[in-house]
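Asks: The primary structure of each chain is shown beneath.
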Amino acid sequence: MKQLLILSGKGGTGKTTVAGAFIKLYDAKVYADCDVDAPNLHLIMSQNSEPERRDFYGLPKAEINQELCIGCDRCRQNCRFEAIQRDEKYIIDAFACEGCGVCEALCPVGAISLKPDVSGELMLYSEEDKVFSTAQLKMGSGTSGMLVSEVKKQMRSKKDDAELAIIDGSPGIGCPVIASLSGVDMVLIVAEPSISGISDMERIIKTAEAFQTKAAVCVNKYDTNIVNTERIEEYCRTNNLPFVGRIPFDPEAVKAINNGLTVVDIDCPSGNAVREVFNKTIKLLFDISIIAEDI
Amino acid sequence: MKIAIPVDDKNMETSVCISFGRTPYFLIYDTESKGSSFLDNSAAASQGGAGIKAAQFLVDNKADVLLTPRCGESAAQVIKAADIRMYKTIPGSAKYNVDAFTKGELSFLEEIHAGFHGHGEK
Amino acid sequence: MRIAVLSGKGGTGKTLISVNLAAAAGKAVYLDCDVEEPNGHLFFKPEVLYEEEISVKIPVSDEKQCGGCRTCVDFCKFNALAYIKDRPVVFDEVCHSCGGCILLCPEKALSEKEKIIGKIQKGVSGQVTVYTGILNTGVASGIPLIKKLLNENRKEKGMPAIIDCPPGSACIVMESIRDADYCILAAEPTLFGVHNLNMVYELVKLFRKPYGVVLNKCQEGENPAERFCEEKGIRVLDRIPFDNELGTMNSNAKIAVRESEKYRALFSSLLKTVTEEVRHEATVNP
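Chains as they are written, first to last, in the numbering used here: chain P, 34 to 328; chain R, 45 to 166; chain F, 31 to 316.
This is chain P alone, in the form it adopts within the complex (with noise of 0.2 Å):
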């Protein structure tokens, strides 16, 4: 199973967008949303039915049994992550603790121990013959990169023989981006063309490369400004990556989602782009992966 994945380094460009409107196009039957800090795919796929819930147990937290604790103070200055607090008692900061375990081995009466501790919730939508993972991180939770992977693992352990999944990722380039690269045939960043946009989207190639996936690029709401729309096509063509699209700013676009539809779902210019888009981003794919196993 081939495994797309959506980017763009920078927030609010439109991932989601495309990645609702390419999983109408190609009637995917294996999808899943790797934002699992602000998941919002499901809000345009329209789901028949409840999910399967699994509690998902992130980093493990310390934890101070208060009736054995003498006061030392040697937890609190050693703690890295400043998670420790001395009030009138000694206190875990569970958003800043980070599970290292070093108070609980040092602690000399073994009043601190290492409790398995819920970061966020998974979920798995399997309808008919369609596989749906994503997943919602708790607020201030750490282990967002493990979430992703359990997201597309889970996504992988319903369904894997299909031709192709759909990931749409998150912003950013670090650790649930990262862990979301893992495994992934191609990436298709949708860019914005600000100088904002523009920063950010050599950031997230950058990241891109150094885990040799390979990468393609289009625009969204080009025509807000050409200028930039053209520095990234110029980009593209310096650093060989494969352009392909340009999607204009379209009012419609936000009607659709408003109303829980991707935008293939009506009659709109930027759904007309976005359908040129997926068929060079298909072709793309697909030869590339027959290229490889050529060799």
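No false leads were mixed into what you were given.
Under the rule of at most 20 Å between Cα atoms (straight-line distance), these lysine-lysine pairs were calculated in the PhoX-like manner:
1) F/Lys187 <-> F/Lys57
2) P/Lys171 <-> F/Lys239
3) R/Lys124 <-> F/Lys115
4) F/Lys115 <-> R/Lys106
5) P/Lys192 <-> P/Lys62
6) F/Lys115 <-> R/Lys46
7) P/Lys239 <-> F/Lys149
8) F/Lys138 <-> F/Lys87
Here are the simulated distance ranges between beta carbons:
9) R/Thr75 <-> F/Pro136: 32 to 40 Å
10) R/Thr75 <-> P/Asp88: 39 to 47 Å
11) R/Asp108 <-> P/Pro149: 32 to 40 Å
12) F/Asn274 <-> P/Asp194: 42 to 50 Å
13) F/Ala295 <-> P/Lys122: 47 to 55 Å
14) F/His310 <-> P/Lys316: 53 to 61 Å
15) R/Asp108 <-> P/Asn81: 52 to 60 Å
What the simulated footprint calls covered on chain F by chain R, stretch by stretch (three residues with Cβ under 8 Å from a Cβ of chain R suffice, anywhere in the stretch; the number is not a length):
16) 99-108
17) 119-126
I should point out that these hints are in silico values taken from the structure, not numbers from a laboratory. All C-beta atoms in this analysis are idealised placements derived from N, C-alpha and C, irrespective of residue type, glycine included.
Place chains R and F on chain P using the hints.
Replies: This is chains R and F only, laid out in the frame that chain P set:
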């Protein structure tokens, strides 16, 4: 010699697991005794650095050869430092790959991918 | 006074609002805590005064001292240590710098070295002091960088500080708002926007921070974000209309307050509203 393979199930007909670090089990096949044992991979549940822990596990179990479809940078470092030779598996069951290796049909695993924990800069 | 600008969703206007608030304030400090994708410096184009590389501590082993007990390997929760051919090997990329292995080694065979994860830049643009944090690509966590940025800011007193936060509500966002006196939540009028606004709304309530919403990209017709604020009784501080002129300026990294009288007035007024809110909070909740 001991041959290690990441596998999806605990039998010789099982498929080779696509992930090294997070494979559920390792098959250890002893070419002298012709015996096979299936070991649980505790590294699979790790938050991070699963490849490193899995590689350490193989080092501790005295594997001489590793057959795997892919391997990350950090895990490869452990494997190479321990003088374990790595070969690339071909489509087919674990048994099929062991046979292919014995007949000298497998090639060395050359493409080491960047670790999935962030470091990718050369 | 420290004002944090956040939003659950990317692209809603955090940087637009924080950059322009800082510019409207006259003397101010702008802190870009979105260390994965910093954008504020593209608008301010600050004259850089200094740069500092930020590092974390990674263990280094002394083979001669090592007794082979493997305490370090067994202790490490992140699998950053392996033991091969009678010596420990450290994997920088997964190390969380907790220092545990060094503390627990019975032979004192482990010491520490610095590993660079990114840098901080301090610069000026007009009357605004601009702090930018830039995380190196491939590094998983920007928290040490954000901590350093906010520490730098503690040295500056008497000027309002505007903190441009990362998107979302994960650990890096929490770190960014830790010191804030007030949180501005940026919201866009889409279904996605409301869904994610809810997340940061829960976050600021959890941290007991005073907060208000700025509705951005407002157009005619229904605004799901506005409806959300009504339902939850959240104060709407201001509305920024969807405006092609603003969009163009923004996409060309121009600071609206410095280019347009209309926007100078809008952001000055917003700043005044927030300042009053902060003052009010200080008297009501000292």
